[in-house]
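Asks: Given next are the chains, with one letter for each unit.
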Amino acid sequence: MATTKAPGDLRLVQLARHFDDFVAVAGLDLLVPGGSFFALLGPSGCGKTTTLRMVAGLEEPTSGQIFLGEDDITSTRAYQRKVNTVFQSYALFPHLSVLDNVGFGLRQRKVADWRRKAMEALELVKLGDRAKQRPRQLSGGMQQRVALARAIVNEPDVLLLDEPLGALDLKLRREMQIELKRIQQEVGITFIHVTHDQEEAMTMADTVAVMRAGHLEQIGAPADLYDHPATTFVANFLGQSNLLPLEGFSDPGGEFVTAHAHGIGLVVERAQLPAGLVVGPGLTATDSSVRLGIRPEKLQILGHDSPPSANRLPGSVTDASFNGVATTYLVAMPWGQELTVTQPNDGSARANRGDVVTLGWNPHQAFVLAEAD
Amino acid sequence: MAALTAAVGGVAPPARPRRRGNLAPLLLLAPALLWLVVFFILPTISLASQSLQTGDIDNGYTLTWNFATYAEALSRYWPQFLRSFIYAGTATIGTLLLAYPLAWFIAHRSGRYKNLLLVLVVAPFFTNFLIRTLAWQIILTDAGPVAGFFRATGLTSVLQALGLTENDSLLNSQFAVICGLVYNFLPFMVLPLYTILERLDTRLLDAAGDLYANGWNTFWKVIWPLSLPGVVSGTLLTFIPAAGDYINSKLLGNTQTVMIGQVIDSQFLRVLDYPTAAALSFILMIAIIVLVAGYVRAAGTEELV
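Here the protein sequences line up with chains A and B, keeping their order.
Take the first sequence: its position 7, counting from 1, is numbered 7 in our numbering, and each next residue is one higher.
Take the second sequence: its position 224, counting from 1, is numbered 597 in our numbering, and each next residue is one higher.
Only chain A is shown next, with the shape it has when bound in the complex (with noise of 0.2 Å):
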């Protein structure tokens, strides 16, 4: 099964495809390296799943051009792509058996070994003993299989697969997700996968492109989108984030600004700050929103035995929710906002709810948005 040569890269040029009126991805440039497993993320009519059928050639392009390795594919049909699919409904044909779904790629293109071939991917996905069997007469979990196994076995440049997990229940989500990254890693093939479903996009992607309203707002490994996210969106949309907005600088020089917020210095890290960004008292119109964010997990509860912290906000609690891994605080700040601070289960003293606290977080762990309302 294992593809010898590295499948060459896809390269989406200023791609767009609009619907009469609405515009359902404008000017998309994106490059997935070849044997890279690639998640499409963003909201729900943001463009990805279009983006996808683009690919496949399942939708055509308004403008703009697809490259597969060397070779442009913007015009070429479905059929004469090297590229499959594993579709949302899974899309099994319901007369055919288990063994000739899986084969129908490899019969269209008239491969002689088609039935070996087709075991063969049915084992990789542990379902070898339901080859004789109809679709319809297995589970969810496992026609998600066939479908999978369908489309691998035609050992395609690039792999799309559109809210592959969507249908299933959590438990079978995670495993499916553990499932495909082994497959992927097994059969390296480009992976492309389309989703809403961020924990699912970080968990599985080497690489993450974070899609809203047909842009692509931001790419990276998902670690990088995490802790750095460049706008709200991704902040808000890839985890939690707590917003505090900011007034001014002042800069006394060296790897640290101060940051002012609502009469408060915070120390900030100079490498954090976007590009641009004048680092003065005021700030000027157009960044007219420049916030910090620290992520809930990143804000600590100041004890009296608790090192030092540079930073130090004020606060009471308002509630506090334990679910075992960690309780999770939300904090009023003396102008009304309320933090959220997610403290693991370590051990250390918990706060009740109307505790006086002094929250505090590590400079480096922080991240700074500046964005024209």
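Under 7 Å between C-beta atoms, here's a sample of chain A residues computed to sit facing chain B:
hint, residue
1, A56
2, L58
3, A78
4, Y79
5, N84
6, S89
7, A91
8, H95
9, F104
10, G105
11, Q108
12, R109
It should be emphasised that the hints constitute simulated quantities derived from the structure, not laboratory data.
From the three backbone atoms N, C-alpha and C, an ideal C-beta is built for every residue, glycine too.
With chain A's structure known, arrange chain B on it following the hints.
Replies: Here is chain B on its own, set in the frame of chain A:
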């Protein structure tokens, strides 16, 4: 039931609702059963007995178990039987070829005109069958635009070469009879096909295209097998009445295009040879049952649904 009631002794009431429950389906079936007995079973028996009687219209008929009528009827009218099945078969294929794309279009491409198109398919039924068929005499008349078009394009010679017409005119020919059959039974083909194609999941077509099937292979490997139940019911609904039809051959054909329905009609109503007419009816019925049973078995539709 009785044993149960006896065992419980005096406590009879609980058994009563159950007995009513058992009777309810029978009561619901009764009107239909009665209808079938009075208007199908009894006439069939009467027809069977008629076919085995001898005598004449003036002196009356008596049941003599004269099976010879069947042999005579078959030996005299086998060409009309054969012709009926050939015409009905040809018309069924023609209907299928016309109806399939039409049904596909209505089901998947007609958008908001879907209901209008469906009404238009059924609309001819608002007119009398005889009138509709007579209209084809006008459509195919020698002076009409259709015949003019056929002559101008040389299609008349093609039809003659195929033996479907005998001369330059289209009317009173095998061609006209088959046209009439196709026209009259088209809705019986379109509606079942529409029903099945409308249910077809178009995402399967995306999947087929994704798996290297071009348009033609997508049709043969996915659409066609999934639509077989509709094809089978449509062809049956067309073939069975077409095989017994006598209006089209009478109004649009000639003496060489007589179908078996027309023979039965004249035996019953003009020659007044009731035993022969009854025997012919029986042979037709059995022949159709045998053909249909073989066809359904070959199509193997029970696996598809």
